[in-house]
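J.: With chain A's structure known, arrange chain B on it following the hints.
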Amino acid sequence: MSLDKATVAKIAHLARIKVPDDELDHLAGELSQILTFVEQLGEVDTQDVPPMTSVAAQTLRRRKDEVTDGGYRDAVLSNGPETAEGFYVVPKVVE
Amino acid sequence: MTGLTHLTMAAALDGLAKKEFTAVELTEAHVKAVETIRPLNAFITETPEQALAMAKASDARRAKGEAGPMEGLPIAVKDLFCTKGVPTTAASHILDGFKPEYESTVTSNLWRDGAVMLGKVNLDEFAMGSANITSHHGNVISPWSPGEVGNWSRQLVPGGSSGGSAAAVAARAALGATGTDTGGSIRQPAAFTGIVGIKPTYGRCSRWGVVAFASSLDQAGPMTRTVEDAAIMLRSMCGFDPKDSTSVDMAVPDFRAALTGDIRGLKVGIPKEYRVEGMPAEIAAIWDQGIEWLKQAGAEPVEISLPHTKYALATYYIVAPAEASSNLARYDGLRYGLRVEGASLKDMYENTRGAGFGKEVRRRILIGTYVLSAGYYDAYYNKARQVRTRIKWDFDEAFKTCDVILTPTAPSTAFAIGEKMDDPIQMYLNDVFTVPASLAGLPGMSVPAGVGSDGLPLGLQLLGRPFDEETILRVGQVIEKAAAVTATPPFMA
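As you go down the protein sequences, you meet chains A and B in turn. Every letter in the first sequence is one number past the one before it in numbering that gives the first Met the number 0, and letter 73, counting from 1, is 72. Every letter in the second sequence is one number past the one before it in numbering that gives the first Met the number 0, and letter 380, counting from 1, is 379.
Everything labelled a hint here was simulated from the structure, so no lab data went into it. Beta carbons are placed, not taken as given, at the ideal position from N, Cα and C, and that holds for glycine. Hints are not guaranteed to be accurate.
Below, a sample of chain A positions facing chain B; criterion: calculated Cβ distance under 8 angstroms [as the list claims (entries may be wrong)]:
(1) A8
(2) I10
(3) A14
(4) K17
(5) V37
(6) V54
(7) Q57
(8) T58
(9) L59
(10) G85
(11) F86
(12) Y87
(13) V93
Only chain A is shown next, with the shape it has when bound in the complex:
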């Protein structure tokens, strides 16, 4: 599998990571190499094999749907790079 520059730029955009143009070629080479490496999985017969969802033989626990904790607004916001009046501040999204 070989990825071209345009595909890498598209993936980077999907992942919301800015990649400088001059790095796209090199990155395309590296990613193609990894994808070629993983293609060997095609050799494995996986007919009727269930995809693994959990290594532990257990079903997920359920808990009561009730509030047990909370009230930490300031603690939650304390690590925000930009906050104001109890909110995170984001760049303007509405014209």
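T.: For chain B alone, coordinates are given in the frame of chain A:
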């Protein structure tokens, strides 16, 4: 009292109980040791004041007869565990300035049992790497590096991703350290630095408060200088936690009590597929030696087959990046860490993440994004999950005829910084023996077994049935005693 930093945890507990020294004295010696080993760049954040305060509190508890199972033992914490009020970086630029408002369950358990925190240790960025060369806070140098300190003739890697943990413990700056293992990140650095590292069964240690890499694989575990110490520390780290949905509600055994030395009649599986092409002669030799030691102790080696071994790495390099790409989506420049402004919200996301993630992390997020994208999900991600099932079935089948599996931990001794760096696949091959058990969720441990022709440590790996850490610890101690490795790193505190 430099002798204090060379004690095992078990001996330190004895000394504390007999009042030969106090937790404060033990901690002071370690705080000094942490300073001494600064040239290794093992610590990202040193917390000497907190350490001494914790030690003082520990002495007070002991005086009241309330000593916990790890009372007064100074340890290092991989900087992937959230620690309240202490910067937690995951060795990434993107977590700059992040100070958790809460404490991870594993570290809470350790403090509950009396352990003392010396600081936060370096790692590969987001635990992605096998050499501790992807950290935003610089490379960790192995204390085994030859030559003059700071002017080494070869700068060896400590392995990764728990490289700071491994270096700190091997260099006698901490009695033990927490590690995390996603594909070998505890076991491989333990092997490279001549210490013990155990990745317990998936579900044993809570993942709550541990910065996530690949959630279906991540497990915390102890890194120590002896098997007995690993048993002591593992017991404190484990335990059911309702805050982690994959935490298993099972009693935690007294792992130390399992160290009976009696392995008579035990069937030790030797997987024929692990004799990989091009395996260095000394790796094959130490493996054969390990088989011989276990035979002499009354165990019975049996050949087993794990036919899908050769597909484990490829499976891992789809599953782990896929999970990473979704876990790391949380770094958005809004809630914590780095923020790089942009003209729009989307620009701000892209600028922040472009500047905040290092090259290896970026590579893995992109691979993960690609294999999860529409049109490729089935061909890559679902296929990998199916192969993962077959790898797990291989182990299920093998454990019908054996009780424990013995393999080498890593395909070589430690390499130098600068080697194996151009080709990501070459670097990934470091984990060829450790990844399969991660994919199957099995407990695994690396034990020092000797040194190679270059004088560097070699480790053997033991894999067990789910939740049977006791057997691998018991067998591990038999190897440790038979090997009786006396070599120590040239640079120690």
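J.: Compare the structure with each hint and give your call.
T.: A quick look at each hint next to the structure:
1. Given hint, A:A8 at the interface with chain B, is violated; its Cβ is 10 angstroms from that chain's nearest Cβ, farther than 8 angstroms.
2. With a cut of 8 angstroms, the hint placing A:I10 at the interface with chain B holds, because the nearest CB-to-CB distance is about 5 angstroms.
3. The beta carbon of A:A14 is positioned within 8 angstroms of a beta carbon in chain B (closest approach about 4 angstroms), and the interface hint is therefore held.
4. Because the smallest distance between the Cβ of A:K17 and any Cβ of chain B comes to about 3 angstroms, under 8 angstroms, the interface hint for this residue holds.
5. Proximity of A:V37 to chain B holds as hinted, the smallest CB-CB distance being about 4 angstroms (cut-off 8 angstroms).
6. The interface hint given for A:V54 holds, since its Cβ lies 3 angstroms from the closest Cβ of chain B, which is under the 8 angstroms cut-off.
7. For A:Q57, the suggested interface contact is upheld, since its CB lies about 7 angstroms from the closest CB of chain B, less than 8 angstroms.
8. At about 10 angstroms, the closest approach between the beta carbon of A:T58 and any beta carbon in chain B exceeds 8 angstroms, and the interface hint on this residue is violated.
9. For the restraint placing A:L59 at the interface with chain B, the shortest Cβ-Cβ distance is roughly 5 angstroms, inside the 8 angstroms limit, so the hint holds.
10. Below 8 angstroms, beta-carbon pairs count as interface contacts, and A:G85 has none with chain B, the closest being about 14 angstroms; its hint is therefore violated.
11. Annotation: interface hint on A:F86 violated; nearest CB of chain B at approximately 10 angstroms, more than 8 angstroms.
12. Interface restraint check for A:Y87: the shortest CB-CB distance to chain B comes to about 5 angstroms, inside 8 angstroms, so the restraint holds.
13. Restraint check, A:V93 versus chain B: the minimum CB separation of about 10 angstroms is more than 8 angstroms; hint violated.
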